[in-house]
Amino acid sequence: MGDILCDASSFISLTESCMEKVIYFLTEKHHVRFIIPRGVEDEMVHRPLSTKYKTHGFSALRIKHMIKKGVITSVDTSNVKERANEILRITNNLLFARGKPIKLVHYGEAEMIALAEFLRIKALLIDERTTRMLIETPFTIKKHLEKEFNVHIMMNKKHLKEFSNITSGMYAIRSSELIILAYEKGFFDHFDNMKKDLLEAALKDAKFSGCAIRFDEIEDYIKSIK
Amino acid sequence: MFNFLIWHMAKNEKKIPLGFKNDIFAVLSAFKKQDQRKLRKLNDKFIEDAVIDFRKSIYEMAVISYVLGKIASKPRFSSKRYGKKFREITGALSRAAKSVSKNDERVILEHLKEVEKSVSSLEKKDERYLTGLISKGRLKVAAIMYAQGVSLGVASSVTGIDKQEIMDYAGKTMMFDRVKEEKSIRERMKKARKLIGG
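Residue numbers (numbering that gives the first Met the number 0), protein chains in the order written: chain A, 0 to 225; chain B, 0 to 197.
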């Protein structure tokens, strides 16, 4: 059984592209355990259902159903609050522009990393680009900011080291990889010879719903399928 | 050196940037001239400033400059029937610029709120869309902030726009295609397969 800690962005892409069935599939057939911090449940379920027009109510109810069925496990995060604040302090004092620290990360994102560390979960499901890049390749986000603003970005090496130690061994995947994983395990098999096209369409749908994947990555994977 | 920078930064934390007043006046002048290009440039500047050193008033100016650019681009708004509303907008904007000298964010925000109210009432004269110009501006600014490098959580919390809305907007742009990440999809798949013991 593999545990994966998920953030709100991945559930947004999966539910908005109507691909949340891959979560049921991977849980039931491959015993993957999907875990979310309680804050994500509040954000994805309780808040949308409490608004006047329930704009995102359809997605919220489907996530609520997954939690109810035990397909997603929502965990309490009160014991990582202090650590999350510490991670927040580190990440938001990591990159400096014009002598000022750039507020890169929000509490919820820091809390997810703190929870992964506490639960010793290595796999993170994140569609959101910035936090994922910070974990994987912090220099890429530095370069990106420099290109965007045409200014020199300073990096606090001490904080970078601290952050790298915290996230050491963690790896991030996106909802797109989850969809591909499900494909490889037969999720689209009932579509017979259309399954490759279906996969491509599903990946593009996830992208249009906000999953941070490039067109050339989709193309690259689709071409690799024999 | 680094500690000095942090100290310097903390010392200036409460101060409103010196150029902010001039930037608001520049928006006012560009709006009066219906100069969309200038308004777009100013919008870029406000967003950049908001990402690097977030302040509510800078963010509101990013939204306002975007919205005024949109208004300037629509010929129907240049007719005489909107004259009074135009004067309301420019008046409120001028008061906002003058209030920068007081170095009180709250006062500036009150004036900027007036600008937004005037824009909303301008739209009411000719309602065409369910989502107003101000809401569209907020979403656009939030998505640009996310594209420029802050996290989705930060973009959502500082702008008050739902993550779902930002992702929906961002997903239909080329923002993700503009940044080459160092990990390939094949490498990610190798990791993903670990989840199921592959």
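Hints are not guaranteed to be accurate.
What the hints assert, rightly or not - Cβ-Cβ distance ranges computed for the label pairs, FRET-style:
hint, chain 1, residue 1, chain 2, residue 2, range
1, B, G90, A, L60, 26 to 34 angstroms
2, A, D2, B, K171, 48 to 56 angstroms
3, B, K193, A, R46, 28 to 36 angstroms
4, A, S49, B, K171, 48 to 56 angstroms
5, B, G196, A, T50, 24 to 32 angstroms
6, A, T136, B, M173, 19 to 27 angstroms
To be verified - Where chain A lies over chain B, by a calculated footprint (3+ residues, C-beta under 8 angstroms):
hint, region
7, 27 to 36
8, 77 to 91
9, 116 to 122
10, 169 to 178
It should be emphasised that the hints constitute simulated quantities derived from the structure, not laboratory data.
Backbone N, C-alpha and C fix where the C-beta goes; we use that ideal spot for every residue, glycine too.
Verification of the hints:
1. Checked against the hint of 26 to 34 angstroms, the pair G90 of chain B and L60 of chain A fails, with Cβ atoms roughly 47 angstroms apart.
2. Distance hint check: the CB atoms of D2 of chain A and K171 of chain B are about 33 angstroms apart, inconsistent with the given range 48 to 56 angstroms.
3. The hinted range of 28 to 36 angstroms is satisfied by K193 of chain B and R46 of chain A, whose Cβ atoms lie roughly 33 angstroms apart.
4. Between S49 of chain A and K171 of chain B the C-beta distance comes to about 27 angstroms, which lies outside the given range of 48 to 56 angstroms.
5. Roughly 41 angstroms separates the CB atoms of G196 of chain B and T50 of chain A, a value that falls outside the hinted 24 to 32 angstroms.
6. A hinted range of 19 to 27 angstroms holds for the C-beta pair T136 of chain A and M173 of chain B, which are about 20 angstroms apart.
7. Interface restraint, the region 27 to 36 of chain B with chain A: violated (0 residues with C-beta to C-beta distance below 8 angstroms; minimum three).
8. For the region 77 to 91 of chain B, the proposed coverage by chain A is not satisfied: 0 residues have a C-beta within less than 8 angstroms of a C-beta in that chain, short of the threshold of three.
9. With 0 residues carrying a beta carbon less than 8 angstroms from a beta carbon of chain A, the region 116 to 122 of chain B misses the three-residue requirement, and the given coverage is violated.
10. Counting residues of the region 169 to 178 of chain B whose beta-carbon sits less than 8 angstroms from any beta-carbon of chain A gives 6, enough to reach three: the coverage restraint holds.
Violation of the numbered hints given earlier is confined to hints 1, 2, 4, 5, 7, 8, 9; the remaining hints are satisfied by the structure.
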